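Number of protein chains: 6
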Amino acid sequence: MPYDLNPGDVALMGVPLDLHSTFLQGPAFAPGRIREALHSGAANLTAEDGTDLGATDRFKDTGDLDVFEMMGQEPIDRIEAGADARIATGAHLLSLGGDHSVAYPLIKAHAERYEGLNILHIDSHPDLYDSQQIGPLGHGCPFARVMETCQINRLVQVGIRTMNKPQQEQAEKFRVEVIDMQTWHPDLEIRFDGPVYLSLDLDALDPAFAPGVSHHEPGGLSTREVINLIRRFEGQLVGADIVELNPHRDPYGITAMVAAKFVKEIGGRLLSR
Amino acid sequence: MPYDLNPGDVALMGVPLDLHSTFLQGPAFAPGRIREALHSGAANLTAEDGTDLGATDRFKDTGDLDVFEMMGQEPIDRIEAGADARIATGAHLLSLGGDHSVAYPLIKAHAERYEGLNILHIDSHPDLYDSQQIGPLGHGCPFARVMETCQINRLVQVGIRTMNKPQQEQAEKFRVEVIDMQTWHPDLEIRFDGPVYLSLDLDALDPAFAPGVSHHEPGGLSTREVINLIRRFEGQLVGADIVELNPHRDPYGITAMVAAKFVKEIGGRLLSR
Amino acid sequence: MPYDLNPGDVALMGVPLDLHSTFLQGPAFAPGRIREALHSGAANLTAEDGTDLGATDRFKDTGDLDVFEMMGQEPIDRIEAGADARIATGAHLLSLGGDHSVAYPLIKAHAERYEGLNILHIDSHPDLYDSQQIGPLGHGCPFARVMETCQINRLVQVGIRTMNKPQQEQAEKFRVEVIDMQTWHPDLEIRFDGPVYLSLDLDALDPAFAPGVSHHEPGGLSTREVINLIRRFEGQLVGADIVELNPHRDPYGITAMVAAKFVKEIGGRLLSR
Amino acid sequence: MPYDLNPGDVALMGVPLDLHSTFLQGPAFAPGRIREALHSGAANLTAEDGTDLGATDRFKDTGDLDVFEMMGQEPIDRIEAGADARIATGAHLLSLGGDHSVAYPLIKAHAERYEGLNILHIDSHPDLYDSQQIGPLGHGCPFARVMETCQINRLVQVGIRTMNKPQQEQAEKFRVEVIDMQTWHPDLEIRFDGPVYLSLDLDALDPAFAPGVSHHEPGGLSTREVINLIRRFEGQLVGADIVELNPHRDPYGITAMVAAKFVKEIGGRLLSR
Amino acid sequence: MPYDLNPGDVALMGVPLDLHSTFLQGPAFAPGRIREALHSGAANLTAEDGTDLGATDRFKDTGDLDVFEMMGQEPIDRIEAGADARIATGAHLLSLGGDHSVAYPLIKAHAERYEGLNILHIDSHPDLYDSQQIGPLGHGCPFARVMETCQINRLVQVGIRTMNKPQQEQAEKFRVEVIDMQTWHPDLEIRFDGPVYLSLDLDALDPAFAPGVSHHEPGGLSTREVINLIRRFEGQLVGADIVELNPHRDPYGITAMVAAKFVKEIGGRLLSR
Amino acid sequence: MPYDLNPGDVALMGVPLDLHSTFLQGPAFAPGRIREALHSGAANLTAEDGTDLGATDRFKDTGDLDVFEMMGQEPIDRIEAGADARIATGAHLLSLGGDHSVAYPLIKAHAERYEGLNILHIDSHPDLYDSQQIGPLGHGCPFARVMETCQINRLVQVGIRTMNKPQQEQAEKFRVEVIDMQTWHPDLEIRFDGPVYLSLDLDALDPAFAPGVSHHEPGGLSTREVINLIRRFEGQLVGADIVELNPHRDPYGITAMVAAKFVKEIGGRLLSR
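Protein chains in written order, with my numbering: chain D, 11 to 283; chain R, 11 to 283; chain E, 11 to 283; chain U, 11 to 283; chain F, 11 to 283; chain W, 11 to 283.
So here's chain D without its partners, still in its complex pose:
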């Protein structure tokens, strides 16, 4: 293994996969761009709680998984194995890049390690389709797959603003707790008992804040609202992913910088436990 992890470390892992997208390719290149933003010289590595990710040896980059240009079950299995290998050390995983189809194997690996796992899913879309033209592994389906196959305590979705009838039916079937943008308020308090996995789709943000995503869905969260949500929800954060950055639509790297900011805040919270 090209990395050396200890319990409580934070393990960055890149997932260069985008062939499960329905509209545009691009998220396969997200890991490199987020790293570039993290080290861009335009910012430092200190989270807002004062944790300096550049000063600790507990924040480690474990490189990219070998899933580039793959489709179907094979890369899904590799992602689950890659996640499992890292969290087996007791480290916390922070997965970067890919379309949202990567969340299914990432959460599966966590659900097997953490009993009573909860999911905080921040997104403009519920991603609960039973299937898409591209099949049941499409990037609009991962939370249906998760709810069907994993032991999940609660799935709470924040930022939703595209709920349609087929997904509404799935949400009811799986007892998803949906906090849509009509009910969202910055002072809303979100509480979990037990371990929490955070799945953060950048299109939860308004396109003003995160233009570099495949699906522009206006009326979303601000970057500040998401930072505060990351820092303030109650529960034991154990792992996370940041998905759907599409560098092809991010000409000035602003969205990559937003993702890097989230890396710092999530990393800071994971390390400060």
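Treat the hints as calculated values from the structure; they're not laboratory data.
Remember, predicted model here, so these are calculated numbers, not experimental data.
Incorrect hints may appear among the rest.
Any copy will do: because identical chains look the same in the list, a pair fits if it lies in one copy or spans two.
[Unchecked claim] Below, computed lysine to any residue pairings styled on SDA-like, alpha-carbon distance capped at 25 Å:
(1) Lys118 to Phe202
(2) Lys118 to Leu247
(3) Lys70 to Glu46
(4) Lys175 to His49
(5) Lys70 to Tyr13
(6) Lys175 to Tyr139
(7) Lys118 to Tyr139
(8) Lys118 to Arg164
(9) Lys70 to Arg45
(10) Lys183 to Gln161
(11) Lys118 to Glu46
Given chain D's structure and the hints, the job is docking chains R, E, U, F and W onto it.
Structure of chains R, E, U, F and W alone, referenced to chain D:
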């Protein structure tokens, strides 16, 4: 007539007119771009209240008016006639594109059908000039024309942040109720008795949310604030326009997507009555 | 002197300096771009309080200082002298452009004229480094220089979100009052006794609102929040700067327009005293 | 039929299809953008040979085919039928938009009407793959399908600069005449006996001239070279397509304007016969 | 007069005028942007013939004319007067910015000083309309005005690719020598007897080289071809203008840099006489 | 060593260094972007001579040197050592990224291995300054350093268009053969006896073809001209670098794709020996 409307239907109508603009051409191409965003494959057609505009036969596109590259009274008359023909069927009009000069004939047609018509005007500018270099039909003048020639119960303006002395005098003369950005608050409640026409200039939004307009006026509304305003004001919405999208300043189509989002929310409200 | 100032006038002054930047050049070109935005034909010159900067003869442009392509102590001295010459007339200075290193000599000139000077510093960075690779005049150091050499009553920082350990130590040493983005709230009231100098770094804004800066730091203030802060803080505003606009990262001039909006609001407040 | 064509007319036809693309969607929106550029007010409708397409009633827009968001054999059949219906009147077809998979049914329709049909194929890619991940109808395969199923006299390819081994074998099998960029010269003379169909992939152009395509392949033709090629090759031009415009990568509409220029030059040549 | 000119000097003069444009405003801001590019730190001031414009005191910037936001005869008269005042000193004028309507008064001033004046007009459009919607001073008309009112020996146009019937008739009436893009060749030799005024519309260039113009007309000259033309035509260059730069369409300043390059090459030729 | 090279292999090596630049940072991120373009899914890996870099095991990526955020002699020494370690195996080096200061140590390493080394230097600038504000290792000085310290047979420069007096004097002192853009012609034949090192600065290209560089110098080479030059000059190519890609100015990745194209053509030539 190339369309078949019934009472209560929502009739989309494109107005490709921009020669009454003072600064830049472009809004003549807005109708095509908003349609493109509506059908872009990056979003679905369900409004946030659950109304699926793609599943009903009451949401109809009646095409573009023949006013392209026209100036002066002729296109104004054609717009009034086009609006009148559609609302005569009992349908609700949702007009797309053009500079703001199109609001005058659109509102005139509504004022003649709806007694006691109120106007909810969302904009960064009051558009109350008596005249401009381009004449009294310029895109900075339509609400002066409306107040002079139509029977309007109340004109309420939201988002204003460019009030100057000549327009202040006009606002007082016409008893316009101006809610400028200094007094605006997201929890403000807006109530009308009777029918309401909504005129929505995209530059009411902050340029961060809607860069694709001719006049960037910083310090404006967020997309979420406008969505909530559309959904929450009290009164009977009877018709609407979305104006001043300038595709020449919208390189990634983000503003067209915002306009499409408003089409869905306005359409949903019009259909749910 | 190529300008004729009277007590109470507002004197615009351009400072084309950017060689104290650590990452990218560009802010030397900001003065011209802000003037271009002020006179762009896409907006008028009336502030939100009704002051029309185009109708008064008390709002005067005194041109650019001769510091282009300079580095080190020489331009710093020229800026102090240029500021001093203008404020010696009793006019209020509104300085445009440059990287943030220009704040040191600007504030020095004010501190010598105004006893008990306070500073309201709006920024994403504390700019309190003792030194940088580029030396002690680098654009990350001006408030360390100010606190060491000037008589300052209070230094209040708003918008901070990059505080790291070395700067935290400096902040404590100089008793800086830091209102970081975790504690910021739009309804926060800020009060000063006596004269106030406002130093406004455009990267205090979220990159969604001000992309045209060298350092994108997500999670910042909205343009509206800054406008309201400018208008509402209590105290006697006596001078101001607007810094760090980088036209190379502002392809559509949106950030220059934001700066021009702030010129109008700051100018309106300075004139309305 | 919503159009009325006579022998010798030029029939514009839009083909909004892009789900046979391997990398990015977008070309489905090309027809609208090319029409927008044709009528943009920034240019007139006169070809360089003096033919004014705006002054003749022989240049007719027959609208878009109903293939949006389709995949597989169904849209291919519709395109063949749509082309056939138009050329059956004796009109010349000029097809706009879509990915290159549309060329197969377009050429098939022509090959059945015109005995001894030749093809002038301008492209950076030979598009001769036997199959792609997306199947045998992928946009990298149309000329393999054409050569297998149609009676073609000669297939001449110009602009090629991505020939690899599998396509080289196909080129030899089908006796394709490949003029790659190493052998291309602006003074090269190209001559056909009999009818010629022109299939013009915009990525034949260097990305400097046509950035708005899915596949940037540097080292290509200039716009002037393609205009001159269109006007100067010998043979009887009978129909044409312009494909692979991707508006998502054409923020300033420059590539759409290039396509509109080609519409004028091809239209002028078709009408001047 | 705010400048001090001697015979043989080159006098830069900015002309911030764009209200005679038919499509988009913007060229009024060109003078500032060209100066910014000249002094950008990304290039030096040496022309390709070795003349260093930064080392001579014969290259002088005489500032901008006071014509901003004017329309009609008044700015035209001011431009003629401004040009005349400068060339009366024996200096050579190099006018920057504005739409092409500025060429009429500029050439008029030269024609009165230089007997037998020739014009080398580099453009994609002949600009020979008798009138436009905006009137006879529109930016599509200046060479009709010139030929009607000035004593011109020869008018030679290079780069033309939009000739239509009304302009063809004007070209014949005024005996204009049109070298259109079909006949243009880089090795073409152009010779004049006597004084030559150069009017350079940046849209003569292909949009790949000069995107920052209001009218994108593909199929144009390369920057290199224009540089070589400036340096190689035979005749006595006496004055020049560079027009139609539109900074609103030049997000990265590339076209301003092209204009600055032409300033250096024209300036070098004017000084080397 | 994290790579395994054999004689005749091509070794890619990234050099993430840009602190020797005078104007803008950025080229430190070039290696990642060029690799991204090489593997983008929008192109294949076959050079125009048919060499498939994806099918051979002789084309190896040896990763990035550890010089990020360094300045001065230290990174220069590391680059020389890194180059030397690779070419000591008999492999050919193809170095990616960095500002042009990296050419000095790269060439030094080659000059010590290859007796009678020639240099083909393609650039808009001669880069012969004795020193710059940033010192004698600035990115405008490397060829002065090379000529002072290495045994070089001939230095031939192509694409030059910014020669000024101080550099002209250096060119004469070092007997540099300068083929400037005035003398350049696509059919020019360039011949060397013995080994040749190719140093390719992307700003040799016209900004239309390569906008993503720090210094836009209009009037340059086309991508096709450079491809043909790479393939056609006579001599034994032994190593090469591609420098000055600045991703901050390459929003659509077009310049990175141009660099990737050159990697394929240079790689193809190196392998086909």
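Checking each numbered hint in turn, tell me which of them this model violates, lowest number first. 11
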